[in-house]
Each structure stands twice: as C-alpha cells, then as structure tokens.
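Visitor: One letter stands for each residue in the lines below.
Protein chains: 2
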Amino acid sequence: MRLLRSHLLLLLLASSAAGSLLRTVPEEPSTISSGGGGGGGGDALYCDSWRLSVETNDAGPWTRIPARCIAFVDEYMNGERYASDSEVIAGEALAFAEAVEVAGDGKDVWVFDVDETLLSNLPYYAANGYGSQDFNETSFDEWVYLSKAPALSASLKLYTELQALGFHMVLLTGRAEVQRNATEQNLLFAGYGSWTQLILRGASDIGQTAVLYKSKKRAELLAQGYRIHGNSGDQWSDLFGSPQATRSFKLPNPMYYIS
Amino acid sequence: MRLLRSHLLLLLLASSAAGSLLRTVPEEPSTISSGGGGGGGGDALYCDSWRLSVETNDAGPWTRIPARCIAFVDEYMNGERYASDSEVIAGEALAFAEAVEVAGDGKDVWVFDVDETLLSNLPYYAANGYGSQDFNETSFDEWVYLSKAPALSASLKLYTELQALGFHMVLLTGRAEVQRNATEQNLLFAGYGSWTQLILRGASDIGQTAVLYKSKKRAELLAQGYRIHGNSGDQWSDLFGSPQATRSFKLPNPMYYIS
Numbered sequence: 000m001r002l003l004r005s006h007l008l009l010l011l012l013a014s015s016a017a018g019s020l021l022r023t024v025p026e027e028p029s030t031i032s033s034g035g036g037g038g039g040g041g042d043a044l045y046c047d048s049w050r051l052s053v054e055t056n057d058a059g060p061w062t063r064i065p066a067r068c069i070a071f072v073d074e075y076m077n078g079e080r081y082a083s084d085s086e087v088i089a090g091e092a093l094a095f096a097e098a099v100e101v102a103g104d105g106k107d108v109w110v111f112d113v114d115e116t117l118l119s120n121l122p123y124y125a126a127n128g129y130g131s132q133d134f135n136e137t138s139f140d141e142w143v144y145l146s147k148a149p150a151l152s153a154s155l156k157l158y159t160e161l162q163a164l165g166f167h168m169v170l171l172t173g174r175a176e177v178q179r180n181a182t183e184q185n186l187l188f189a190g191y192g193s194w195t196q197l198i199l200r201g202a203s204d205i206g207q208t209a210v211l212y213k214s215k216k217r218a219e220l221l222a223q224g225y226r227i228h229g230n231s232g233d234q235w236s237d238l239f240g241s242p243q244a245t246r247s248f249k250l251p252n253p254m255y256y257i258s
Numbered sequence: 000m001r002l003l004r005s006h007l008l009l010l011l012l013a014s015s016a017a018g019s020l021l022r023t024v025p026e027e028p029s030t031i032s033s034g035g036g037g038g039g040g041g042d043a044l045y046c047d048s049w050r051l052s053v054e055t056n057d058a059g060p061w062t063r064i065p066a067r068c069i070a071f072v073d074e075y076m077n078g079e080r081y082a083s084d085s086e087v088i089a090g091e092a093l094a095f096a097e098a099v100e101v102a103g104d105g106k107d108v109w110v111f112d113v114d115e116t117l118l119s120n121l122p123y124y125a126a127n128g129y130g131s132q133d134f135n136e137t138s139f140d141e142w143v144y145l146s147k148a149p150a151l152s153a154s155l156k157l158y159t160e161l162q163a164l165g166f167h168m169v170l171l172t173g174r175a176e177v178q179r180n181a182t183e184q185n186l187l188f189a190g191y192g193s194w195t196q197l198i199l200r201g202a203s204d205i206g207q208t209a210v211l212y213k214s215k216k217r218a219e220l221l222a223q224g225y226r227i228h229g230n231s232g233d234q235w236s237d238l239f240g241s242p243q244a245t246r247s248f249k250l251p252n253p254m255y256y257i258s
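As they're listed, the protein sequences go chains A and B. The numbering used here numbers the first residue of the first sequence as 0 and each following residue consecutively. The numbering used here numbers the first residue of the second sequence as 0 and each following residue consecutively.
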C-alpha cells in the first residue's frame, strides 16, 4: 500500500495538474461523487439529468415529461439551450457532409424527419404543457392543418447548406398521407423548398412503429438507387433500424417520445 | 423569437384550445430561436451543447475535447452533474431490471464495461487535462497498474441492486488480458465482487474495434446460454453492434471517445 502510494505520488509530481489530482484520490476504497442527485440541485439538476437520459435513449419508452420538469423544459426550449444544441448538431452534420463526395447524379440524399426536425411545434406544445399532458391527436391535428409551424432555424440553415453541396432532400415523416397538402404548405411557409421526395404514411403504413415504417422507407430509397449519407431526426425511431444512413444525427426533443 | 414568446404568453392567458393558436402564429415565414449559439452564453453554452452531441453520438469520432471546454468538463465531472446524470441513468436501468423475470438458473446476466462505467479514472484524467491532451498509453497503463481507481458510485449501487435481484454480472472491458490481475484487484478495492466473468482482450482480440470485439463477446455469451438483459457502458461502442442486450444504457463520458 505504501509503495503504491509513493508510485502515485510520483505520478502526481510528474503531472501538470497535480493539485487537482490530490483532491480526488481517495485514501480508502471509495466512490466518485455520491449523492449528487439529492445534493441540493433540486429540480433543475434532476431534470437536466432526465433530459440527458431521454436524449441518449436511456429512459426507454415514456409518455409524459415528469411534472416537476415542466418549468425546466419551458426554459430549455425557449431559452438559448435548445437553439444552441440544435446548432452544434447541425454543425457536426455539415462537417460530415462537406467530406462526402457528391456524384451529381441526383442520388446523394439526406433524410430529414419533419416534426421537431424541420418544423417546430413548440407553439403547440407551449400551449399544451410541454409534453406533460397526454397527447391529444385531435388538437394536434388542428395545429397541423393550420400549416403555421415555424422552421427550426438550425435545420433550415443545414437544409440550405446541404442543397448547396449537391445533396438532394428526402423528407420522411410519420404524418399521414391525408396531411400531405397541409405539410407541404407548412414546409413552404417555413422556408423549405425543392425536396426530392416527401414521404408520409400511406394506408399500409398506418399502425406500424416509426422504426419499422421508416426503416422500410429507407430500404425503398436504396432500392431506388439513392445513397443515404445523412439522416436527421429528433427521435431515435427516426434513426434506428436497418438500413441506416452513413451518419445519423439525433436532434434534441425533451417534449415527447415516439417508438 | 421575442415576438413569438409574447404571443405565446397571450395564448397561455387566453386559452389552451388549439383554435386560439390562429391568433398567435407568426404572420411571416419564421424560425425558432436563431442565433442561440452565439447569443452570449459563450463557452458554457457551447460546451454543454458539445457534450450533448458527444453523448448522443452526433459528434461522431473525436480525439480531444475542445480546448475551450476544459474548465467546463472539470466542473461537470467534479460538480454535481456527472453524479446526477449517472444516478438517473442507473435508476432507469434498475426500473427496467425490476420488471425482468429472473429464472434463477444463473443465466440472466447484466454486462458492464469497466472504465468510466464501474471504475472512474477521473483522478487520472483530472491530472491530464480531462481529455484535452493526446492519449498517453504509457502513463494511463501506469495508472491502471496502481489499481486505485474509485468506483463510480451510481454503478456500484446498481451493481449491488442487480445482484440482489438475481442477475449475474459479466464485466466486458477493452483492457488487455495482461491487465487482469490489476483490474481484479482494482474492482475488489472499489467494492465490486462476485462477478461471473471478467472478459478482457485476448491476443486474438487486439487491434479489433471495440464494437467488433464486444459484439463478438456478447455473441459468445449467448452461445453459452446466457440471456443478456442489460448492458451498461460509457461508450456507444460498448452498446452498438449485434447481438445487443434487451436494453442498453449509455453512461456519460465527456472526456474521451473509443470507436
């Protein structure tokens, strides 16, 4: 033990940050930072951890945000953080895209989900408890038919940049075919244009999980000769399943979960 | 955005019904929250977004943390947030585990990675720039042979709780077979015990990516009749690949990336 400690001391002295190491090395069998969750950070600390677990899919399927996190989600979505998170992820997508060799035959595509990816339904969710209430299909469909959802700014910028790089846009949404006109109208209103395909759920897709439906549609795209370089979506069910894009980009969404 | 927010406030005051949304929607094509990344939040805002993109794997392969994020990662790791994030994820893992029917034949297993999952190398990384420096295998191996890494508190608690539920523990690490004794000694020092298998990289595994090596080992476990219910790791390469556990749990690690 003493020998080990002196070795550790040598390691400390050799390092450029010995001071901070001294603080953290335990004398006895020990653990790192117990009790952080209850250490006074309260709802903000818990809710930020809950949000991470949602974004990493650790939380698994869930139906409503925790009641104690409503104010947190409000602040996250309407403050700087949601925009910043979206921008950093879009920047990483663009950095990847810039390294792709685009053939120029119209077959190099990027797949985008629609809701909470290209379009933001934040106005609707702000009026409906930020995901703390049970999903109300009737009132959400009323919102969809208004065709007034704004663009997610980082996605609109990425969309335009990808088009400038020569990628073609495929929009793959869980919305139903009956909502095609309203969706197209909303996308144009928000500033999107010139997509190659807008794929909505047809009669035979209704009732399938998003993972199954979207994987099937990606397979059809490959069968049509498209090369799917990137896939951007706010749900893991936009991205998981086979076949996948070369790179998948999970956008933040702490308001709802789709399996 | 400020305009949108004031409209939303009106909306909230007026009614929660979707019909009133008509009044609150922007009149012109609009976007949600432009410019958040440069809106004065500075390094903390950027680094928190960078961290999310790492945890969601949006960042893709990376070698060093951004230089501007060293202080952020220090504070994240040593403050309440790392502990809280780890605890919330461990809680979600336990909630899943409690719903599993354990047969009692010793074949119901949970796979744990070792570094930054069961054991914390935070003392080492605190002395070496929190991942801002190139990885130095020699000095890291010296640290490994000290066998003094503390437990990650949330993982030790989960490990013990899973054993109480009847799960058997399989430890699957990228460490080399030559480090078996030091690793066992460290695990025992940190409070872990009674694992079923500790799997390290053998001669034939050296040079393989972690995804390939760990998937292969999970396949061998299935071939041995084990049922892999859960898999906890701080790298996506601990969790991706086939076969997978029924549920995978990504633990936080903003200090390094392993492909």
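Calculated directly from the structure, the hints in this document are not laboratory data. Among the clues, some could well be false.
As the list claims (entries may be wrong) - Between beta-carbon pairs, the in silico distance windows are:
1. 177/A with 105/B: 27 to 35 Å
2. 70/B with 78/A: 36 to 44 Å
3. 94/A with 106/B: 39 to 47 Å
4. 218/B with 242/A: 15 to 23 Å
5. 242/A with 163/B: 40 to 48 Å
6. 66/A with 202/B: 32 to 40 Å
Each residue gets a CB set at the ideal place from its N, CA and C atoms; glycine is no exception.
Visitor: Go ahead and decide if the range 27 to 35 Å is satisfied by the Cβ distance of residue 177/A to residue 105/B.
Guide: violated (53 Å)
Visitor: Do residue 66/A and residue 202/B keep their Cβ atoms within the hinted range of 32 to 40 Å?
Guide: violated (54 Å)
Visitor: Taking the beta carbons of residue 70/B and residue 78/A, is their distance inside 36 to 44 Å?
Guide: violated (22 Å)
Visitor: Please test the hint of 15 to 23 Å on the beta carbon pair from residue 218/B and residue 242/A.
Guide: Holds, at about 21 Å.
Visitor: Does the Cβ distance between residue 94/A and residue 106/B fall inside 39 to 47 Å?
Guide: holds (45 Å)
Visitor: Regarding residue 242/A and residue 163/B, is the given constraint of 40 to 48 Å on their beta-carbon distance met?
Guide: For residue 242/A and residue 163/B the Cβ distance comes to about 41 Å; the hint holds.
Hints 1, 2, 6 from the earlier list are contradicted by this structure; the remaining hints agree with it.
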